[in-house]
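Trainee: Here are the chains, one letter per residue:
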Amino acid sequence: MYPTPIQDSSLPVRVGYRFVLYVAIAVWIAPLIAIVMTAIRAQGDLLAGNYWGMPQQFALVENFREIFASSPMGMFFVNSIVVTVTTVVGVLILSTLAAVALAKYPFPGRTLVFSMFIAGNFVPYQILMIPVRGIVLSLGLYDSIWALIIFHTAFQTGFATLFLRNFVVALPNELFEAARLEGASEFTIIWQIIVPLLRPALAGLSVLVFTFVWNDYFWALVLVQSDAAKPLTLGLAGLKGEWLTAWNLISAGSLAAALPPVVLFFLTQKHFVAGLTVGAVKS
Amino acid sequence: MLGIDLRSFRLAIAIGAALGSLAIAPANAQTGQLTINTDRSGAGQKAAMTKIASDFEAKNPGTKVTINFSDVESYKTSIRNFLVTTPPDLAFWFTGARMRAFSKRGAFEDISKFYADQKLKDVMGPFLPAVTDSGKQFMMPTNFTTWGFFYNKEVFERVGIAPPKTWDELMAAAAKLKAANVIPFTIGTRDLWANDLWFDYLDLRLNGLDFHMALMDGKESYTDERVKKVFATWQQPIEKGYFLENASSYGWQEAIPLLAQGKAAMYLLGPYVLTSLPADVHGKIGFFPFPGIDAKNNSFEEVSINGVGIPSGAKNKELALKFLAFLAQPDNLAAFAKAGAVLPARTDVALDDQLSQVQMKLVQAAKGTSQFYDRDTDPEMAQIGMKGFQEFLANPQRAEAILERLEAARKRIFK
Amino acid sequence: MSEKTEMADYADLAVVPRTRMQRVWETRAVWLTPLLLLAAPVSIFVLLIVIPIIQSIWISFYDWDGTGPASWVGLGNYAELFADPQFYVSLKNNVIWLLLFLLAPVVGLAIAVFLNQTLPEMRLVKSIFFIPLVLAHVIIGVVFTWFYDPTFGIIAILARAVGMTPPAILSNEHLVTFGIIAAALWSQIAFCLVLFLAGLSQLDDDLIAAGRLDGASGWPLFYYVVLPQLRPVTFVATIITVIMSLRNFDMIAIMTQGGPYGSSTVLAYQMFDATIFSYRAGYGAAIATVLFAIMSVYIAWFLRYTLKQEAAER
Chain B
449 MYPTPIQDSS LPVRVGYRFV LYVAIAVWIA PLIAIVMTAI RAQGDLLAGN
499 YWGMPQQFAL VENFREIFAS SPMGMFFVNS IVVTVTTVVG VLILSTLAAV
549 ALAKYPFPGR TLVFSMFIAG NFVPYQILMI PVRGIVLSLG LYDSIWALII
599 FHTAFQTGFA TLFLRNFVVA LPNELFEAAR LEGASEFTII WQIIVPLLRP
649 ALAGLSVLVF TFVWNDYFWA LVLVQSDAAK PLTLGLAGLK GEWLTAWNLI
699 SAGSLAAALP PVVLFFLTQK HFVAGLTVGA VKS
Chain V
14 MLGIDLRSFR LAIAIGAALG SLAIAPANAQ TGQLTINTDR SGAGQKAAMT
64 KIASDFEAKN PGTKVTINFS DVESYKTSIR NFLVTTPPDL AFWFTGARMR
114 AFSKRGAFED ISKFYADQKL KDVMGPFLPA VTDSGKQFMM PTNFTTWGFF
164 YNKEVFERVG IAPPKTWDEL MAAAAKLKAA NVIPFTIGTR DLWANDLWFD
214 YLDLRLNGLD FHMALMDGKE SYTDERVKKV FATWQQPIEK GYFLENASSY
264 GWQEAIPLLA QGKAAMYLLG PYVLTSLPAD VHGKIGFFPF PGIDAKNNSF
314 EEVSINGVGI PSGAKNKELA LKFLAFLAQP DNLAAFAKAG AVLPARTDVA
364 LDDQLSQVQM KLVQAAKGTS QFYDRDTDPE MAQIGMKGFQ EFLANPQRAE
414 AILERLEAAR KRIFK
Chain P
-6 MSEKTEMADY ADLAVVPRTR MQRVWETRAV WLTPLLLLAA PVSIFVLLIV
44 IPIIQSIWIS FYDWDGTGPA SWVGLGNYAE LFADPQFYVS LKNNVIWLLL
94 FLLAPVVGLA IAVFLNQTLP EMRLVKSIFF IPLVLAHVII GVVFTWFYDP
144 TFGIIAILAR AVGMTPPAIL SNEHLVTFGI IAAALWSQIA FCLVLFLAGL
194 SQLDDDLIAA GRLDGASGWP LFYYVVLPQL RPVTFVATII TVIMSLRNFD
244 MIAIMTQGGP YGSSTVLAYQ MFDATIFSYR AGYGAAIATV LFAIMSVYIA
294 WFLRYTLKQE AAER
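Protein chains in written order, with this note's numbering: chain B, 449 to 731; chain V, 14 to 428; chain P, -6 to 307.
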């Protein structure tokens, strides 16, 4: 395992490590603390310039209450979940198929297709606003969660294919030859050999795609109009208020909105655990 | 013949069609579905709007009103999409040039007749120019804001000044404040628009409304002597250090704490500054309108008006007009405006708040009004102009270069 | 693996009895399979991404406001762009973003290695490091602007505590871009961190053990044994970081709106500003196309480099 497990080192090293670790954590989450500090105060504090000190009153509960009272946050939450989960599943499937095709089959035009996925990924997506709006309209999906699902699936497939393709390339060809010699069909190979080997990559990818789609604001703005299809990001933006922006509400809402991806990351971490290596499969 | 009597066949079809249309017609009148898109979604106005909608539903049984709330910034993007794709029956929006950007492309319905029908031409008089394009009205004004100096009363007392009435008095007051280690004018220019008030008011006071509106319409040059005079006048307080240092580090909202804490004395802004300040600070803030410079220009004011229009692609225009009439009733309009700490766009409404009364008087006394730099001029010009003002506030010595740049942009945009 | 060898392998299959259908399938499997595999992803991608890109490039030749009629201007938008000094400021800022963003994979890898221990609290710690990636950009941007607030911000408080005048980072034409990049790097490092954690979990224990047996440790072990195994992840992390650095406009929009007076604008923001605020969709499309072209050069080079390396390894 790399690097050397700390448990194997001497006590001073172990203590030293933990010390550095917690200092690093403190520095890293300083902005997060700031957000929490904002979420627990009322707007009056912010307008009086009291950003970091003790709030005049502890307003976290009121802030949350106002968030939920002023808009159907529950519905927005459900919309976000549906769009994100569906997209992640769709992307994982499509990108695995595409990545395997690009990595393991030397067909003519392979580099071109790969370049297409990369290129489509690095376009500044704002410029797609008007054409995509037109296409979604003509598909009859405008202002529905399906608009978001189909667009995000398409867009994230570019990144996901790029990501997975390199992992698949790293898998040795001997595996497939052996399987083919035993009479396995191509799809059996994919499903029973490649996918399990890609598990950490798929886990990492699902977390990343989940996060990108969960946090998307721009496309929700372009493709959705009514509350029935609004995801959480758009709903939170609506908390901004008429003239003055209620940052305390937005902080509280953003913290709540950050929970699902973090929980997902926490849960999928076991797939990142060292030990699931290609070497193990050799036997 | 086929054994079917053709005449009775045709008769049957006719009867069937007649019955069919009878079945459909009342269904249409009954399923009156009204969709409204609005960016007036602060907690107060949201509640007020929802109540008005349900009152309307009660008065018109069989109608259903759906309101889509959005925050102001997102709305600026989404309106450009939904007016083209699936327009609602009513859409709230800014008036002035912002409205004209859409009305001149036929995105809003001509509702000039509505004013005559509802006899609103007089009570909404001062606000009509804002919703007029080429002599026709395309929106109905709902509420307005005036602008002026909000000052910290305690600071003024401490330093010994009274609300100034002329520009010279204002400068003298600022000098006194600076000597007392108080920032005379706080301002946040990071989001660009707070500066507009200074430019607009100075232009109105020095050069009058006609010149100002001509400049907004791109008919006058930014390198004209009169505009140079505005910048020269503005330059004096900037160079004397009367403005908040590093104003572009602060959003307009983040400059408010300085006023609240007494570190700064005055903020040229709108009344919603007050609405969310904590109660103990609220009472400390007073208001005075922009001081006069030249007597003949002193009664021009900056009044920003919001309104609501019917998109030309709306499905239910009849019902939309009915709703407009309902909304325009004094009680409803007043309730809607009050909930947002703004004023209703009717001159015959009784107001209970002192500040509101002061503002209404300003508007009624005004000989003419402009809206706001970024609502009166072409949106692209507004962006370039505002960035120019932001740069000017930080680097007043670059006045000439900035004006040249604005003029070059004006020539290109208003060709 | 050369094609010849693969074909020879398939010949072995003739030994096993199979139906005619299976035989047809096998001889065509080499190119039929990828076709089937790619059908769905490619078609959805082409429809929603590739076609809009082409449409956007097409729009850049018009003068259009996004809703009304469009008029053909050919290369007019591009001429205007290259004559605008703002373009060069944006370009310069893009270079700064690119260079500083390349710190993200480096720092991300360092943190990933640092965190790759099996101490009991590690799962929670990793989740904490992951958080910046999941926070809404708007609130990250705003909180950082409060950090930089010259009167009330943390940096101002610290500066006054040591007797310095607080810097006005967001008002300073020279510092503003760095201030914004700091805010954006916070989530970009978290992104690279996740990628490298996934990569580190796929390391080959045998190779590492062998390296250690050979006496390698510390830097040589890392450079010669670990890093090569991380190549797929490094490739993705770097490419995405480059893309994000050039495409980022969220933070700029939130923190400075491209200011003060355009000094923190990048091409992506200039494009957004032109399309949304100035109602010039054609001009915005031209800026996007230029940005796209710049990225293409980089990506083409990188792709060739990587494919060459992969071929060399075979």
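Keep in mind that the hints were calculated from the coordinates and are not lab data. Note that beta-carbon positions come from the ideal geometry of N, C-alpha and C, so glycine has one too. Misleading hints may appear alongside valid ones.
What the hints assert, rightly or not - Pairwise CB distance ranges, derived in the manner of DEER restraints:
1. P:Phe295 / B:Leu587: 31 to 41 Å
2. P:Ile44 / B:Gln455: 19 to 29 Å
3. P:Trp65 / B:Leu587: 21 to 31 Å
4. P:Gly61 / V:Gly138: 47 to 57 Å
5. P:Ile50 / V:Lys253: 49 to 59 Å
6. P:Gly67 / V:Gln46: 27 to 37 Å
7. P:Arg153 / V:Lys134: 52 to 62 Å
8. B:Val537 / V:Ala129: 51 to 61 Å
9. V:Gly275 / B:Lys718: 50 to 60 Å
10. P:Phe295 / B:Pro644: 24 to 34 Å
11. P:Phe295 / B:Phe555: 42 to 52 Å
12. B:Lys718 / P:Leu151: 22 to 32 Å
Said to hold, decoys possible - Chain V regions said to be covered by chain P (calculated; three or more residues, Cβ under 8 Å):
13. 167 to 181
14. 227 to 239
15. 270 to 282
Said to hold, decoys possible - Computed footprint of chain P on chain V, listed as stretches where at least three residues anywhere in the stretch have a Cβ under 8 Å from a Cβ of chain P:
16. 203 to 213
17. 253 to 263
18. 388 to 396
Trainee: Against each hint, give a clear statement of whether it holds in the structure.
Mentor: Structure-based check of each hint:
1. P:Phe295 / B:Leu587: 31 to 41 Å: holds (34 Å)
2. P:Ile44 / B:Gln455: 19 to 29 Å: At 55 Å between Cβs, range violated.
3. P:Trp65 / B:Leu587: 21 to 31 Å: Since P:Trp65 and B:Leu587 have Cβ atoms about 28 Å apart, the given range 21 to 31 Å holds.
4. P:Gly61 / V:Gly138: 47 to 57 Å: violated (31 Å)
5. P:Ile50 / V:Lys253: 49 to 59 Å: Roughly 52 Å apart at Cβ, these two residues keep to the hinted range, so it holds.
6. P:Gly67 / V:Gln46: 27 to 37 Å: violated (46 Å)
7. P:Arg153 / V:Lys134: 52 to 62 Å: Because 59 Å falls inside the window, the suggested range holds.
8. B:Val537 / V:Ala129: 51 to 61 Å: At roughly 59 Å between Cβ atoms, V:Ala129 and B:Val537 fall inside 51 to 61 Å, so the hint holds.
9. V:Gly275 / B:Lys718: 50 to 60 Å: With a Cβ separation near 56 Å, V:Gly275 and B:Lys718 satisfy 50 to 60 Å, so the hint holds.
10. P:Phe295 / B:Pro644: 24 to 34 Å: holds (30 Å)
11. P:Phe295 / B:Phe555: 42 to 52 Å: violated (22 Å)
12. B:Lys718 / P:Leu151: 22 to 32 Å: The hinted range 22 to 32 Å is violated for B:Lys718 and P:Leu151, with Cβ atoms some 41 Å apart.
13. 167 to 181: violated (count 0)
14. 227 to 239: violated (count 0)
15. 270 to 282: holds (count 3)
16. 203 to 213: Coverage by chain P holds here, the residue count being 3 at a Cβ distance below 8 Å.
17. 253 to 263: Holds, because 6 residues of the region 253 to 263 of chain V bring their Cβ atoms closer than 8 Å to Cβ atoms of chain P.
18. 388 to 396: holds (count 3)
Comparing the model with each numbered hint stated earlier shows that hints 2, 4, 6, 11, 12, 13, 14 do not hold.
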